[in-house]
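Asker: Sequential numbering from 1 applies to the sequence shown in the UniProt record's numbering.
Just so you know, not all the hints are guaranteed correct.
[Unchecked claim] Okay, the calculated beta carbon distance ranges per label pair: (1) ARG139 to GLN247: 19 to 25 angstroms; (2) THR292 to GLU219: 20 to 26 angstroms; (3) GLU88 to GLN242: 50 to 56 angstroms; (4) TYR285 to LYS223: 37 to 43 angstroms.
[Stated by the list, open to error] 20 angstroms max Cα-Cα, derived SDA-like pairs, lysine to any residue: (5) LYS136 to LYS161; (6) LYS265 to GLU255; (7) LYS363 to GLU233; (8) LYS275 to ASP38; (9) LYS275 to GLN287; (10) LYS161 to LYS380; (11) LYS264 to GLN162; (12) LYS161 to SER26; (13) LYS273 to SER26; (14) LYS363 to SER26; (15) LYS161 to ARG267; (16) LYS274 to TYR285; (17) LYS223 to SER59; (18) LYS230 to MET117; (19) LYS275 to GLN286; (20) LYS264 to GLU133; (21) LYS223 to GLY182; (22) LYS283 to PHE36; (23) LYS283 to LYS136; (24) LYS275 to LEU23; (25) LYS241 to PRO32.
These are calculated hints, taken from the structure and not from any lab test. In this text, a Cβ means the ideal position worked out from N, Cα and C, and glycines have one as well.
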Amino acid sequence: MADDALEFTAEESDWVFDYVLNLFRSPAWELPVMCFIDDNCAIFDTSEENKFIYTELHSQFREVVENVLGSHLAEMGLTATDFAAICEKQREAAGGSVSDGVSADVVNQILAMDDFMSFKKLMVKRNLELELEAIKELREEATEDEHDLEAQFMELSVLYKQEEMEQAELEAALAMSMVVQGEQLRLASVAAKVAEDKHASASDTRQLSPAEVQQQIRESKKKAEEICKKNKESLEENRNKQREMQQAAEISEVELKRREEYLKKQRDRIIEKKKREREAQLKEYQQEQKATAPEPPPQLVEKLQSNTSEEAKKAEEEERRNALRIALARRMKQDLLESANAAASEPSTGSFKVHQVVELDEKLQRVEDLRRQSHERENKVHAKLRAGVPT
Numbered sequence: 001m002a003d004d005a006l007e008f009t010a011e012e013s014d015w016v017f018d019y020v021l022n023l024f025r026s027p028a029w030e031l032p033v034m035c036f037i038d039d040n041c042a043i044f045d046t047s048e049e050n051k052f053i054y055t056e057l058h059s060q061f062r063e064v065v066e067n068v069l070g071s072h073l074a075e076m077g078l079t080a081t082d083f084a085a086i087c088e089k090q091r092e093a094a095g096g097s098v099s100d101g102v103s104a105d106v107v108n109q110i111l112a113m114d115d116f117m118s119f120k121k122l123m124v125k126r127n128l129e130l131e132l133e134a135i136k137e138l139r140e141e142a143t144e145d146e147h148d149l150e151a152q153f154m155e156l157s158v159l160y161k162q163e164e165m166e167q168a169e170l171e172a173a174l175a176m177s178m179v180v181q182g183e184q185l186r187l188a189s190v191a192a193k194v195a196e197d198k199h200a201s202a203s204d205t206r207q208l209s210p211a212e213v214q215q216q217i218r219e220s221k222k223k224a225e226e227i228c229k230k231n232k233e234s235l236e237e238n239r240n241k242q243r244e245m246q247q248a249a250e251i252s253e254v255e256l257k258r259r260e261e262y263l264k265k266q267r268d269r270i271i272e273k274k275k276r277e278r279e280a281q282l283k284e285y286q287q288e289q290k291a292t293a294p295e296p297p298p299q300l301v302e303k304l305q306s307n308t309s310e311e312a313k314k315a316e317e318e319e320r321r322n323a324l325r326i327a328l329a330r331r332m333k334q335d336l337l338e339s340a341n342a343a344a345s346e347p348s349t350g351s352f353k354v355h356q357v358v359e360l361d362e363k364l365q366r367v368e369d370l371r372r373q374s375h376e377r378e379n380k381v382h383a384k385l386r387a388g389v390p391t
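All chains should be built: construct the whole structure from the sequences, respecting the hints.
Answerer: See the structure below:
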């Protein structure tokens, strides 16, 4: 595949790279990718079960992302092979970062394309975001005569859902860190092989050995399992508390069913509204692009025009897709690894781990803060129930 790629100058590679970064920041990316996520995330729950439909949707998600990127590259006459070569060239030349100026959501989407667990965590998190948004709107629409115990219940529901979402974000961050550490292991193995071929000693490099990276991954995995276990126990405890308080307040099954149906309709309205907003943004973006889109370097235009599409057609479609996905995901993981090392301001032999621990500790603290707020709200609800306040 690599032999079929065109040769690009540094200027040409920079232009293509910037073009792709602009795509990631644009409605042309957000509309198809986020609409797929919003339309399909409802079936993803916080259980540990990996249902067959999850795998099917991961394949469909990968196809959506590949089609968006592939179609924009094809408009310029670039193949997946060409883009993979540009990613590698930029990497070797210490060029721009894929993650520069790109939102965390897009970073997670790209990693999710290449990693099932990252995809699952992304979908769970989005499902909870939409549920929380629907619950908040239900709370805001409550009538005045519902503002006593009912308001306390609604506030507690919001806090429970926020806590659940923070836990989902924490688990998504853990999944992403495992993906990045997997890339760190791959790079360490490559560096070790190169050092071995050159008869270099371990002291001649500042890279972690594969064994050291594997130890880091084992420690991270153990921490992740402990956190996930605690989260699962906390969520189950919250559900039990909510059921007990609803029974004590004599909220009927009919009323609970009515709320559930309302929340589903509210969620559908939110998704539809977001889709219309994204479509409007895309239309405006496309109009702006006609007038302001930067022109590629003349030599790049000439090169692409002279390159017939016959070479691209010779390769199998699946192989081209894999080249595109692997090149982009690998580049993103390496950028994240380097960014974490730089942010930690420590030698590269351990900085990613330090940065990861700091980030996870911050997320853990947010979860603990929400648990404390939920506990305070629970006490208020219990006090009103003991006082016999009607719903």
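Asker: Taking the hints in turn, state whether each one holds.
Answerer: These are the hints, each one checked on the structure:
no.	hint	in the structure
1	ARG139 to GLN247: 19 to 25 angstroms	holds, 21 angstroms
2	THR292 to GLU219: 20 to 26 angstroms	violated, 49 angstroms
3	GLU88 to GLN242: 50 to 56 angstroms	holds, 52 angstroms
4	TYR285 to LYS223: 37 to 43 angstroms	holds, 41 angstroms
5	LYS136 to LYS161	holds, 10 angstroms
6	LYS265 to GLU255	holds, 15 angstroms
7	LYS363 to GLU233	holds, 18 angstroms
8	LYS275 to ASP38	holds, 9 angstroms
9	LYS275 to GLN287	holds, 19 angstroms
10	LYS161 to LYS380	holds, 18 angstroms
11	LYS264 to GLN162	holds, 18 angstroms
12	LYS161 to SER26	violated, 30 angstroms
13	LYS273 to SER26	holds, 18 angstroms
14	LYS363 to SER26	violated, 28 angstroms
15	LYS161 to ARG267	holds, 14 angstroms
16	LYS274 to TYR285	holds, 16 angstroms
17	LYS223 to SER59	violated, 29 angstroms
18	LYS230 to MET117	holds, 19 angstroms
19	LYS275 to GLN286	holds, 16 angstroms
20	LYS264 to GLU133	holds, 11 angstroms
21	LYS223 to GLY182	holds, 16 angstroms
22	LYS283 to PHE36	holds, 19 angstroms
23	LYS283 to LYS136	violated, 30 angstroms
24	LYS275 to LEU23	holds, 18 angstroms
25	LYS241 to PRO32	violated, 39 angstroms
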